[in-house]
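These protein sequence lines are chains A and B, in that order. Mapped onto the working numbering, the consecutive letters of the first sequence carry residue numbers 1 to 333. Mapped onto the working numbering, the consecutive letters of the second sequence carry residue numbers 1001 to 1333.
Worth flagging that the hints you see were computed from the coordinates, not collected in a lab. It cannot be assumed that every hint is accurate.
Said to hold, decoys possible - Sample of chain B residues lacking proximity to chain A, with all beta carbon distances greater than 10 Å (derived):
#  : residue
1  : D1007
2  : H1023
3  : A1024
4  : E1058
5  : E1115
6  : A1123
7  : G1168
8  : H1199
9  : P1203
10 : V1273
11 : R1275
12 : V1293
Unchecked claim - Now the in silico label distances, taken between C-beta atoms and shown as ranges:
#  : chain 1 : residue 1 : chain 2 : residue 2 : range
13 : A       : R9        : B       : G1285     : 43 to 53 Å
14 : B       : E1211     : A       : E10       : 35 to 45 Å
15 : B       : G1168     : A       : A200      : 53 to 63 Å
16 : A       : D32       : B       : P1008     : 31 to 41 Å
To be verified - Covered stretches of chain A (in silico footprint by chain B; criterion: 3 or more residues with CB under 8 Å from a CB of chain B, positions within the stretch not fixed):
#  : region
17 : 17-23
18 : 80-94
19 : 224-238
Think of the CB as a built atom: it goes at the ideal place given N, C-alpha and C, for glycine as much as any other residue.
2 protein chains.
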Amino acid sequence: MKKLVNDPREVVTETVRGFALAHAGAVVLQEDPVHLRRADAPVAGKVAIVSGGGSGHEPLHAGFIGYGMLDAAVPGPVFTSPTPDPIVDATKAVDGGAGVLHIVKNYTGDVLNFETAAELAEAEGIRVVSVLVDDDVAVQDSLYTAGRRGVAGTVVVEKLAGAAAQRGDDLDAVADVARRAIASTRSMGLALAPCTVPHAGEPSFTLGDDEVELGIGIHGEPGRERIPMAPADVLVEQVIEPVLADLDAPRGSRVLLFVNGMGGTPLSELYIVFRRAAEILSDQGLELSRSLVGNHVTSLEMQGFSITVTVLDDDTTALWDAPVETPALRWGR
Amino acid sequence: MKKLVNDPREVVTETVRGFALAHAGAVVLQEDPVHLRRADAPVAGKVAIVSGGGSGHEPLHAGFIGYGMLDAAVPGPVFTSPTPDPIVDATKAVDGGAGVLHIVKNYTGDVLNFETAAELAEAEGIRVVSVLVDDDVAVQDSLYTAGRRGVAGTVVVEKLAGAAAQRGDDLDAVADVARRAIASTRSMGLALAPCTVPHAGEPSFTLGDDEVELGIGIHGEPGRERIPMAPADVLVEQVIEPVLADLDAPRGSRVLLFVNGMGGTPLSELYIVFRRAAEILSDQGLELSRSLVGNHVTSLEMQGFSITVTVLDDDTTALWDAPVETPALRWGR
C-alpha cells in the first residue's frame, strides 16, 4: 500500500496545514492541540456547532466548516478520538454567547472525550448540549461502540443542525433539530477492499477476491457478515433493505437519499449504486425528494459505499435546502 | 479488482442514469446516443459550451454541467471518444443562437470526432468554434495523442470559458478566454497504483511496490519514467518542477493551484500534496491566489494525483470567482 505521506506520525498535522492553506480566509487552524474553525467565528448571538473525531474520514469533519454548517472541527489522530483539550479550545473559540452544540459520533472514545470537554467548557460558563449520532443499522454493538455506530448520516445531522443555527434558532431548538435528524436517519455500508492506516502499514482487514464485508464500519471494523461478491444491484439491495426496514417510513414519505463513497470508489460507481437505490425507494412507495452522492464520510482509501436515508418533513427540507458554504458542501447562498 | 457494476457493457448507461436521477431538475439525459445537458438549455442569446470525451474521468465532464460552466457533456465509452452523432445532438440541443464552443481534450479520437461533429452542426447553421486543451507537460506525443495531452487543466478551461459565456461574452470572446486559459495552464500527474477498465477486467498497467509512474496519463498510459517510491514531498517536487519550468511565469505572478486526485487517493493525502506544492510556489516567488483540491479529473480508481498551475490575471481571477452551480463545482451564486 503506497501512500502520499511523509512521516506517518505527521499525517494529520500535514493534512490540516494543507487544508488551512487551501481554504485560507475561510478557515483558521490552531495547532498543538489541533482544531479548525470558521475564520469569522465566533458569530455573536449564533449557536455554534462543534464536531470532531478521528481523522481518516475526510472531508468529514473539517470539510464541513463554514456558513450554514459547522463552526469548528476537532480532528484526532487517524481513527482515534481527539482528547478533551482541543475540544474545549474549539468550543471556547467559537462560542458567540448563545451556547455550543457538540455533534458526536457514537464511539466510546469520542463520547468520553466530548463529555469531559463539555464539562470543562461549562465550568468556564459556556452552555454546551451534546447529541450522539448512531445511524448505522449494521450492528448493535461493535469493536469501538456500545450501541449503534455513527457513520455517514453525521453529514445530514451537521447540515440540518447547522442550518438551524444559521437561521437563528436557540440552543435547545438547534439540539432538537439535530435529535430529529438523528431519529429520521439510517445508514449501512459495504466494503469491497480495506484501507491501511498510515502508521500501521498493513490493511486493517483482508477480503478475498470473491467476498465483500456487509455492514462495514468506517474504521474497517467488522460488520454483519461476509457475503459473496455480486453485481452492484444485488449489493445495493443487501445494503438498503436493512436501512429501510429499520427506518420503517410510511409509504409516501419524502426522503433524502445519500450514497456515500468510502474513499477509493470511483464516482461513476456511486452513481450506479444511486440508480438502483432510487429504484428501490420508488418500489417501496417512498418519494426521492433530495439527493447527495459523493465521498463525504470516508475510510481513507477503502473501496465501498454506504447508503443513508433520511425522512424529511417541511422543516428539515427547508433546512437541507438552506444555503451552505463549506469546502466540501456548498450551494445556494 | 472488484467493482460496483452490473454488466460491464452497461456501466456508462447506468452511470448517466444515476447521475440524471441524482441531479433531476438541473440536468437532462438523452439516451441512445447519450448526452447530458442543462435542464434550462438552450439559454437564448448565451454562447453554449459543450465538452465530452471518454468516460472514466468522473466528475469530468457531466459533473460540470450547469450555471456558469458547461451546457452539455457527451460521455463516450470508458476511455473512448464519443462518436460525432451525440456531439451534434448536444450542440443542436444547447445552441441558443449565439453559437457553441467545443472544449476538446487533445486525444486523436476526440479531436477527429469533435471536428466531424462541428462540421455537421455548421452544415445545419450553427456556428461552432473549437479549442484544444493540451496542458500536460509530461510527454510531447503519447499512445493516444499527437502533441500534448489534455488532462486536469480542462476543468480550469471549462470554468473560465463557462463564466465568460455566462456573463454574456460573444463566441469569439469566449473562445479567446478559453485559449488564454489553455495558454496559462500546465499540469502533470503521477500514479501510485493503476486502474482497471470494467470490460477489460485487468489493470491497465502494473507497478512494483517500490515504484511510481511519473507523468501518467489519465487513461493509465505511460508517462515520463518510473521512479522510486518516495515521501510525498519528494514526489510533489518531481511533479511540480516540470510544470513550473514549462509555465515559466515571472516572479510575482498570481496563480491558481489545483491538486487533483486520480480517483482512489484519499482527500487527506491530496491536502498533504497541496501543502508542499504551495510551499514550492512561495519559494519560487509565485503568489498562491486561488486553490482547488479534490477528485475532479479521475482515472476510475487509480491512485495518484496531478498538479495544475494556472497563471491568473484580473479578468481570469474574476471569471474563476464568478458564480458556478454544477453537481461537482459550486460557489457564490
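Given as non-interface: B:E1115, which should sit over 10 Å from chain A by C-beta: holds (27 Å)
Check of the region 80-94 of chain A against chain B for coverage (Cβ-Cβ below 8 Å, three residues minimum): violated (count 0)
Non-interface claim for B:R1275, where every Cβ of chain A lies beyond 10 Å: violated (3 Å)
Interface-negative label, B:E1058 against chain A, beta-carbon threshold 10 Å: violated (4 Å)
Least C-beta distance from B:V1273 to chain A larger than 10 Å: Given a closest Cβ separation of 6 Å, the condition is violated.
Range hint 53 to 63 Å (beta carbons of B:G1168 and A:A200) holds or violated: holds (55 Å)
B:V1293 non-interfacial with respect to chain A [C-beta, more than 10 Å]: Violated: least Cβ distance 5 Å, not greater than 10 Å.
Non-interface claim for B:A1123 versus chain A (Cβ beyond 10 Å): holds (34 Å)
Within 8 Å of chain B's CB atoms, at least three CB atoms from the region 224-238 of chain A: coverage verdict: holds (count 5)
Verdict on B:D1007 as a residue remote from chain A, using beta-carbon distances over 10 Å: violated (8 Å)
Given as non-interface: B:H1023, which should sit over 10 Å from chain A by C-beta: Per Cβ check, B:H1023 is inside 10 Å of chain A; nearest 7 Å; violated.
B:P1008 and A:D32 - C-beta distance against the hinted 31 to 41 Å: violated (50 Å)
Violation of the numbered hints given earlier is confined to hints 1, 2, 3, 4, 10, 11, 12, 13, 14, 16, 18; the remaining hints are satisfied by the structure.
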